[in-house]
Amino acid sequence: MIDVQITAKAFGKTTVLQDVNFHISHHERIAILGPSGAGKTTLMRIIAGLDTDFEGQVVSEARIAMMFQEPTLMPWRSAVDNLVLATGVDRERAVQILTELGLGDHCDHFPNQMSLGQMRRVSLARALCTDPDILIMDEPFASLDMDTGRDMMNLVNATLSGRKTALLLVTHAANEADVLTDRQIVLGGNPATLVSD
Amino acid sequence: MAQAAVSEFQAGELSRHVGVTLRRVILAFIFAMGIGVAIGIILGLSRRANDWFNIWVVIFLNLPALVVIVLCYLWIGLNEVAAIVAVSVNKIPMVTVMIREGTRAMDPKLADMARIYQMPRIAVLRHIILPQLAPYLASAARTGIALIWKIVLVVEFLGRSDGVGFQIHLYFQLFDITMVLAYAISFVIVMLLVEMLLIQPIETRASRWRQP
Chain P
1 MIDVQITAKA FGKTTVLQDV NFHISHHERI AILGPSGAGK TTLMRIIAGL
51 DTDFEGQVVS EARIAMMFQE PTLMPWRSAV DNLVLATGVD RERAVQILTE
101 LGLGDHCDHF PNQMSLGQMR RVSLARALCT DPDILIMDEP FASLDMDTGR
151 DMMNLVNATL SGRKTALLLV THAANEADVL TDRQIVLGGN PATLVSD
Chain A
198 MAQAAVSEFQ AGELSRHVGV TLRRVILAFI FAMGIGVAIG IILGLSRRAN
248 DWFNIWVVIF LNLPALVVIV LCYLWIGLNE VAAIVAVSVN KIPMVTVMIR
298 EGTRAMDPKL ADMARIYQMP RIAVLRHIIL PQLAPYLASA ARTGIALIWK
348 IVLVVEFLGR SDGVGFQIHL YFQLFDITMV LAYAISFVIV MLLVEMLLIQ
398 PIETRASRWR QP
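These protein sequence lines are chains P and A, in that order. If you use our numbering, the first sequence corresponds to residues 1 to 197, in order. If you use our numbering, the second sequence corresponds to residues 198 to 409, in order.
Looking at chain A on its own, in the form it has when it is part of the complex:
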């Protein structure tokens, strides 16, 4: 299997497909986190918004990933936009729920303090809200990456002509277990590197103030 992976790498195929998948993961991650965090904060702060929107969160939370992917391909077309949207829509409700709970758990006394000293809204967001949400953001990011890369592979499997998912589909049809494992494990290594070199250092930096 290692030999197959090295051979694919030397041919340039492995890095090309891993790169394409990684790009989709990053785009879907940014899209899902951005929208999920914004909706989560709004729902956490506003009871009325939550009453209205909660049912949609529940629906999208329970909608099978496969249904979302197929519908996106049917409505948007077999293209890159549909792939990214499909992955993001699968992840947004989870981020929303996590951030909503984090927003509800915020210390109301700090909000009072901000009101008393008339802190500007942007300062409240940056210095009061986001630091309190940091553990929830880290959690959402970690589970987000884990879920997104799984769904990206399914999206590629079903409707793209490049990426690790497409290659796994290709070698599945050829019943080539060695190549399926070569691509799958190569991508797992990439995701582990992302976790160790990017997510963990950011998390450590964000929680530095907790150290006595």
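Looking at chain P on its own, in the form it has when it is part of the complex:
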């Protein structure tokens, strides 16, 4: 589904990724692990097509959706509008998926009227309502307290298990990778390369 062949990625004269090659198949659940600053987010941005300034190629036939580190919602729009305007889905479908994620009562709430955990769920709903082939999540449980993080992780797990969506989880927490994924790619070194797959 997605073939990643990165020869090198540099910021100025600093090379951050080198010889990172792997393949993502349909329905696969993969975690990209590594210490802070290892280039995980950079790799994720390249795979998502947000960064095209690198040596190599990413061949993708997949419809990609993404959950960023921050919820990245339009603060001037309600939860349901954030889904409708960003993805083009109809309102009924947006309400349905928000309800599925436990936000049925918050459809018309603005982001500043919701907690961080709720905003993350809106972000997840936005990603899922496009019926993506792959969902890329960039440290989606960061900044959440332990209980909310665990609840969110269980919600993601339960939501994805009913779908054929592949998962690419960028994290530095091994327990998140253990719960949500069945393949783990570890980045390490300087510049970062694949340490294990």
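No wet-lab data here; the hints were simulated from the structure. Only a predicted model underlies this, so the values are computations on that prediction, with no experimental measurement involved. Zero decoy hints are in this set.
Keeping only pairs whose Cα atoms sit at most 20 Å apart, straight-line, the calculated SDA-like set for lysine to any residue is:
(1) A/K306 <-> P/T52
(2) A/K306 <-> P/P75
(3) A/K306 <-> P/S143
(4) A/K306 <-> P/E70
(5) A/K347 <-> A/A381
(6) A/K306 <-> A/R323
(7) A/K306 <-> P/D81
(8) P/K13 <-> P/F54
(9) A/K306 <-> P/D51
Position chain A relative to chain P; hints supplied.
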């Protein structure tokens, strides 16, 4: 002074001249905001465009209003088009700079989100760019109105045969302080009404989402 203003109003002169000036203010405002916002967004988004255009922004920002007005009258003629262009050219660089800074301050993560979900360009402009620019637009509009009505009066003073500026010029030559104040204060009242009845409600509506 109030008596003079009432007398001019009853004669129909005050409303006619205030109306003419107000029309020029509105036209120049629309022209300046439209062009200034478009150039500002382009310069904010494109480093190359900014490198090329920045020097012209600086030149027009520092060009004295009087020079622009006189040159417009000389090149275009003593007509309405020259008056509107002169006022607009004085205001466009300020709008451009404000909107350029606002565009640069936009949240890049929202732009990433729009790219990921392949939002159409018009939707990005309407739902991502313009809401983030709203405070800068409000600022540019408020300072724009303030500057434009001052320059409109100078433009009328120098080269038009109607409007509040022309009347002030006329009564200045007659050394009639009462009438100068009657026209000036009447116009200030009109601009205050525009601020309170138009600009403030629009600003409140645009920033409604900030309320918890």
